[in-house]
Amino acid sequence: MKTNSSLMTVMALAGVIQSAVASDITGKVTLKGTPPPETPITMDATCGKLGTAAITTRRYQVGAEAGLANVFVYVKTGLEGKKFEPKGAPPLLDQVNCVYEPYVSGVMTNQKFNVRNSDPVMHNVHPTPKNPANKEFNLGQPTKGQVNEKSFPAPEILVRFKCDVHPWMFAYVGVVDHPYFAVTDKNGVFTLPSDLPAGTYTIEAFHVKAGAVTQQITVGATEKKSVNFTIDAK
Amino acid sequence: MKPPVRYTWLHRFAVLTAFCTLFLVCVGGLVTSKGVGMAVPDWPNTYGYNMFLFPVSKWVGGIFYEHTHRLVASGVGLFTTILAIWIGLSEPRKWVRVLGVVAFIAVVIQGVLGGLRVTLVKDELGIFHGTLAHLFFCLVALISLVTSTWWRTVSSSGTVSSLLRLRKYVIVATSLILGQLIIGATMRHQHAGLAIPDFPLAYGKLYPETSAEAVESYNRLRLETTAVNPITPFQIHMQMIHRFGAVASALSVLLAWKVARTYLKEVASAQGFAFGWVILVMTQASLGAFTVWSSKSADVATAHVAVGALTLMTGCLFLALLSRLVWVGRLSPAKPSPARVTSLLACSV
Chain A
1 MKTNSSLMTV MALAGVIQSA VASDITGKVT LKGTPPPETP ITMDATCGKL
51 GTAAITTRRY QVGAEAGLAN VFVYVKTGLE GKKFEPKGAP PLLDQVNCVY
101 EPYVSGVMTN QKFNVRNSDP VMHNVHPTPK NPANKEFNLG QPTKGQVNEK
151 SFPAPEILVR FKCDVHPWMF AYVGVVDHPY FAVTDKNGVF TLPSDLPAGT
201 YTIEAFHVKA GAVTQQITVG ATEKKSVNFT IDAK
Chain B
1 MKPPVRYTWL HRFAVLTAFC TLFLVCVGGL VTSKGVGMAV PDWPNTYGYN
51 MFLFPVSKWV GGIFYEHTHR LVASGVGLFT TILAIWIGLS EPRKWVRVLG
101 VVAFIAVVIQ GVLGGLRVTL VKDELGIFHG TLAHLFFCLV ALISLVTSTW
151 WRTVSSSGTV SSLLRLRKYV IVATSLILGQ LIIGATMRHQ HAGLAIPDFP
201 LAYGKLYPET SAEAVESYNR LRLETTAVNP ITPFQIHMQM IHRFGAVASA
251 LSVLLAWKVA RTYLKEVASA QGFAFGWVIL VMTQASLGAF TVWSSKSADV
301 ATAHVAVGAL TLMTGCLFLA LLSRLVWVGR LSPAKPSPAR VTSLLACSV
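Quick mapping for you: the protein sequence lines, in order, are chains A and B. For the first sequence, position 94 (counting from the first letter as 1) is numbered 94 according to my numbering, and the numbering increases by one without interruption. For the second sequence, position 334 (counting from the first letter as 1) is numbered 334 according to my numbering, and the numbering increases by one without interruption.
In short, the hints are calculated from the structure, not lab data. Accuracy of the hints is not assured; some may be wrong.
BS3-like mimics (lysine-lysine), calculated; alpha carbons at most 25 Å apart, straight line [claimed, not checked]:
1. A/K150 to B/K122
2. A/K49 to A/K87
3. A/K234 to B/K296
4. B/K296 to B/K168
5. A/K209 to B/K296
6. A/K130 to A/K209
7. A/K209 to B/K205
8. A/K49 to A/K83
9. A/K130 to A/K112
10. A/K49 to B/K58
11. A/K82 to A/K150
12. A/K186 to A/K83
13. B/K258 to A/K135
14. A/K234 to B/K205
15. B/K58 to A/K144
16. A/K186 to A/K32
17. B/K122 to A/K130
18. A/K87 to A/K225
To spell it out: a stretch of chain B is covered by chain A in this simulated footprint if at least three of its residues, at any positions, have a beta carbon under 8 Å from a beta carbon of chain A; those stretches are [said to hold, decoys possible]:
19. 53-61
20. 84-96
21. 213-223
Using N, Cα and C, we set each Cβ at its ideal position, and we do this for glycine too.
All chains should be built: construct the whole structure from the sequences, respecting the hints.
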């Protein structure tokens, strides 16, 4: 028992020390140029009864002051050789009113995440990874509330999920081998997890249509840094 | 000579099976055109139900097309099994009995291929599944032809040398069409939509640029509404080969028609086949263009698949017809009366 208490004390101390030397990175991704208009989606009769709002494609979702949503921002280089464990509850990829939510999200390699069918209609969950180490699967979710736990063993930017029952349904999941990633909100703002160790990193902002932009940054212990990106509309 | 009634009904059943197979090709084509081949993730069950007991209320979205495809395929499998047994029991010609057995084996392989494509989540299997579908349709149509009264009673017409000359052209044209269908199946089962969105030019050029940068820009500019895969240089080259192949196929069919008109004016069946083939290949080329112009509309793309199947089938049957006429012609160098030919055939075929 004494050994356990000592161990916990050491771990708590290590946590305090780590937060004391960790840095905060926040920023914004701005879209430059005018994106093509979104295409309205006509659902089938079954899905059409579920939601009241008209839906469109989600290629470019632009918010206040040209902030670009759904950009996957992550530490691309600088964390090699380090081991990390996922924290918090497993992420959720939901199917609501015949639309995948969120459109873009992220998980760590081997991190368990849940896929849920919140609709009273049948869906199938069909990721199509390109990295051979990540296995393609096709999972039926015929009942409302069904949840299945999945994970991917290898990094990949981004894995596309689709539903073949409803071909307009697709979403993207970024898989990285550390927890330092984020997805921009409706105004293009992102915040990386606050315990990024001091060091020099390449940060990449990846958008499904507009592509990737990168920046190299150096952050010191307890430093707060703002990293902004501009992506051209293609 | 009137054939026995059992042969007449066997022929009719073979024709029915061929029509059902064409319908199956259409439904299968629709499944791929709509991108819903994986809408039912299990096989041979359907979302855990026995396939034949899957509630109609659940036939929604992509499930409707995929499940219908499976049911129609089951029907064709049953018809083919009956056909093979019927032929085995009633057909005196050994090679026709072999055709029946091959059809049965082919339909089983085709069903298993379709199932494995779903359970193994392998797009590549879809290419074989799509190609075998066309070949199987040709086989059933061939069985329909060889069990017909025409096949049993045809008399010698046209010179053997002219028939052989035409047959060479038909072999070339049919091979080109088969190649086109294999390329088409490969393109469709990449699930990447239209690799080239314009026609007759390709990305505004006679031959599009396929560098990594160019292909990346093509992908960025696409305004997809469904989950199609990104296009690759391979797919662009495939579509260009398909376009050139379409020209070559159409020209070869036109050449075959010209040869038939020039050397076999008196052979009505050859004239009819050649003319029908020209109509089909021109329709098929037009549908190919409309497939691009309609941004690969599912209905147009499926019609392209169906007419492609008919075009290949016509080539195969044309080839069989010419081979039959050559055989009959060699049997009767002195151009005997139809009655003599019939009696010869009754003895030896």
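Evaluated hints:
Taking the CA atoms of A/K150 and B/K122, the gap is about 20 Å. The hint holds against a cut of 25 Å. In summary, the hint linking A/K49 to A/K87 is not supported, as the alpha carbons are separated by about 38 Å, beyond the 25 Å threshold. For the hint pairing A/K234 with B/K296, the CA-to-CA distance comes to about 23 Å; that is within 25 Å, so the pair holds. Our distance criterion of 25 Å between C-alpha atoms is broken by B/K296 and B/K168, whose separation comes to about 35 Å.
The suggested pairing of A/K209 with B/K296 holds, with an alpha-carbon distance near 21 Å, which does not exceed 25 Å. Simply put, A/K130 and A/K209 have alpha-carbon atoms about 17 Å apart, close enough for the 25 Å limit, and the pair holds. With a CA separation close to 24 Å, the supplied pair A/K209 and B/K205 stays within the 25 Å bound. In summary, the hint linking A/K49 to A/K83 is not supported, as the alpha carbons are separated by about 47 Å, beyond the 25 Å threshold.
At roughly 19 Å between alpha-carbon atoms, A/K130 and A/K112 fall within 25 Å of each other, so this suggested pair holds. About 15 Å separates the Cα atoms of A/K49 and B/K58, which keeps this hinted pair within 25 Å; it holds. Note on A/K82 and A/K150: the hinted pairing holds, with a Cα-Cα distance of about 24 Å set against a maximum of 25 Å. A C-alpha spacing of about 31 Å is found between A/K186 and A/K83, which places the hinted pair above 25 Å, so the restraint is violated.
In summary, the hint linking B/K258 to A/K135 is not supported, as the alpha carbons are separated by about 54 Å, beyond the 25 Å threshold. Proximity of A/K234 to B/K205 is assessed by CA-CA distance (about 21 Å); at most 25 Å being required, the pair is judged to hold. Using a Cα cut-off of 25 Å, the hinted pair B/K58 and A/K144 holds, with the two alpha carbons roughly 13 Å apart. Proposed proximity of A/K186 and A/K32 is supported: the alpha carbons are some 16 Å apart, at most 25 Å.
Restraint check for B/K122 and A/K130: satisfied, since their Cα atoms lie roughly 13 Å apart, inside the 25 Å limit. For the proposed pair A/K87 and A/K225, the alpha carbon gap of about 23 Å is at most 25 Å, so the pair holds. Given as covered by chain A, the stretch 53-61 of chain B passes the check, having 3 residues with a CB less than 8 Å from a CB of that chain where 3 are the minimum. As drawn, the stretch 84-96 of chain B meets chain A at 0 residues by the rule of a beta-carbon pair under 8 Å; below three, the given contact is violated.
For the stretch 213-223 of chain B, the proposed coverage by chain A is satisfied: 5 residues have a C-beta within less than 8 Å of a C-beta in that chain, meeting the threshold of three.
Hint violations for this structure: numbers 2, 4, 8, 12, 13, 20, all remaining hints satisfied.
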